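Student: Generate the whole structure from the sequences, applying the supplied hints.
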Amino acid sequence: MRSDILLEVQDLKTYFFTERGIVRAVDGVSFEIRRGQTLGVVGESGCGKSITGLSILRLLQKPGKIVGGKILYHLRREGRDGSHVEEDIDITRLDPDSAEMRSIRGGQIAMVFQEPMTSLDPVYTVGDQIVEAIIYHQKVTKAEARRRAIEMLARVNMPEPEQVVDHYPHQLSGGMRQRAMIAMALSCHPSLLIADEPTTALDVTTEAQILELLRELQRDMGMAIMYITHNLGVIAEMVEEAVVMYLGRIVEHAPVRELFHDPKHPYTQALLRSIPKLGRKSQARLQAIEGMVPSPFAIPPGCAFHPRCASFISGVCNTAEPPMVEVNEGHFASCFLYGSDTG
Amino acid sequence: MAEHQQKPILEVKDLKKYFPITRGLLRRVIGYTKAVDGITFSVPEGKTMGLVGESGCGKSTTGHCIMRGIQPTSGQVIFHHRTLGPVDVAQADKETLRQVRLNMQMVFQDPNSSLNPRMTLFQIVSEPLVVNRIASGEELEDRVAELLRLVGLLPEHMHRFPHAFSGGQRQRIAIARALALKPQFIIADEPVSALDVSIQAQTLNLFQDLQEQFNLSYLFISHDLSVVEHISDVVAVMYVGKLVEMAETEELYHNPHHPYTEALLSSVPSPDPDIPKSRIILRGEVPSPSNPPGGCYFHPRCRYAKRICAEQEPSLREIEPSHFVACHLADRLSLRGVMTART
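Protein chains in written order, with our numbering: chain A, 1 to 343; chain B, 1001 to 1343.
Rather than coming from a laboratory, the hints here were simulated on the basis of the structure. These figures come from a predicted structure and were not determined experimentally. Errors might be hidden in some of the hints.
[As the list claims (entries may be wrong)] Short derived list, chain B residues pointing at chain A, Cβ under 8 Å:
id, residue
1, Q1202
2, E1251
3, Y1253
4, K1277
5, L1282
[As the list claims (entries may be wrong)] Below, a list of computed lysine-lysine pairs in the BS3-like style, where the Cα atoms sit at most 27 Å apart:
id, chain 1, residue 1, chain 2, residue 2
6, A, K13, B, K1047
7, B, K1182, B, K1277
8, A, K281, B, K1007
9, B, K1007, B, K1277
10, B, K1094, A, K281
Heads up, the beta-carbon is just placed ideally off N, CA and C, and yes, glycines get one too.
Tutor: Shown next as structure tokens:
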């Protein structure tokens, strides 16, 4: 079902060339997102999950650079005669500042961040900022854009949208800012929303409101969501399929129920065991993962997880990179425990 | 079971902290922010009391008032000192306070801001020992080495600076410093919130090990309900400066009696895709502690609210043995605790 695919990331490599050496922040990541699908990207800090998101939007800052791979975006738009025109765009080949990239960014793919103030400008009103985005991507008058901005604010359940449209970001609470940012991101009806830890800075009850809102908006607007988070609870609730990243690589990729009930990669297994689970109080200690995430300048050879892995096989895991193996239908893991003898 | 009969290490009685709101050149006081508004609880010796609530509910202010980092407006903070016996920290003179603080330490959320980047590990951890003239010379060095070993750091690293360590290790440094004076009681304010999941588990285990080893008592302040459940023996829930519910951990999580606790528990995203999702989405926002609503502060967002809730403020009462709740309707409501999948 090729026509269903919205975005294909193929062997993406994004490196940072720093004075201390090269950081392979994203090192050969591949996945695809279908139209209307929710894909979760989960991992601890420094695993490359946010850099993957920023690479897709070409928002990387120096010294970061995409050094390999492809990001294919399957653009579908209506032609002049009303028929669907399909076009494949390799985002890695575009100039980040080009008109084409700018029309994709915001118009086709939008992003929301953990901290709303990274995308809201403190010296403009919320309305001005949404209006600017609408006018950039759509041919409408200012008055019409303002009407749509208010409509969008109402759509994200902002209280008193007619007033809030003229408020400055500092006049809003954290949850309201997050709503304003989501309104801005969705104002041009993107086909893909990249949500990078959108609820991490919020309180649980506000988080519940925002998660509910995102689900509702997805149902109504039909966009795909790439949900980046470190919170396994959010992954379990929000996505259909998830990839687990560790040190710039995908270690496991599975439908979400399988990921939680039958995790295959030792890292995923350990991660799931190490979190306290609500409602299951026990006197036992948590099963922590030993050691810590290695420095990005000294990624261990072979499987990067081997120094912390309970199933470490000497002479195997520390010498070669494990290939991605399909352990079940649609369930992939990159670990030598699942040999190529099955395939 | 009979936790409430145990010897307490700390008793907080009707603690209040009002911050004045001033206006104009003469800084005329036009109102008060009631950050902490009459809370009462006690921490049993050798146990952990969890204090949960959303941002701005006054949980950190409570911690600071107990240490007397800020002067409480009124109320008592009785600390059962190892040698001095019960002392009211809120009224203590300078010398008594010095004695109290030898036995009461604090660990903060962000080790980057609580550790001086220009001091080495040795200087940071030895400072409390030097200032209080407890050790010097070789003995000092031995003590620091012992403390570092205790929290799982290598004594060889004692002449390095904090920047050479990861977030989890820095939190260990902060814990080592807190332990230097062999305190009886530690206030931990969101100590694992800034850490990655795998590191969070290690740090929680460390807290538990140290408690066992030294019979430490903790006040564990956090917004993370899963973490609080894991570590606490007793849990208190705060909302806009007041305690709304307090009980033994399992009782509170499985048999809550306050609608706010119920909503909080239902809001936590659960890392299990099979748990039925029936979230209680609270309407609106947390009211400002400078201008709270009348009656029960929670009534505008409460789905069970009756007329009495808007008119009278409920007081904290013991509804079942050692289960306290501040709700007019507590006897009549049957609320839902944490949802767990049947296993």
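Student: List, from low to high, the hint numbers that the structure doesn't satisfy.
Tutor: 2, 6, 7, 9, 10
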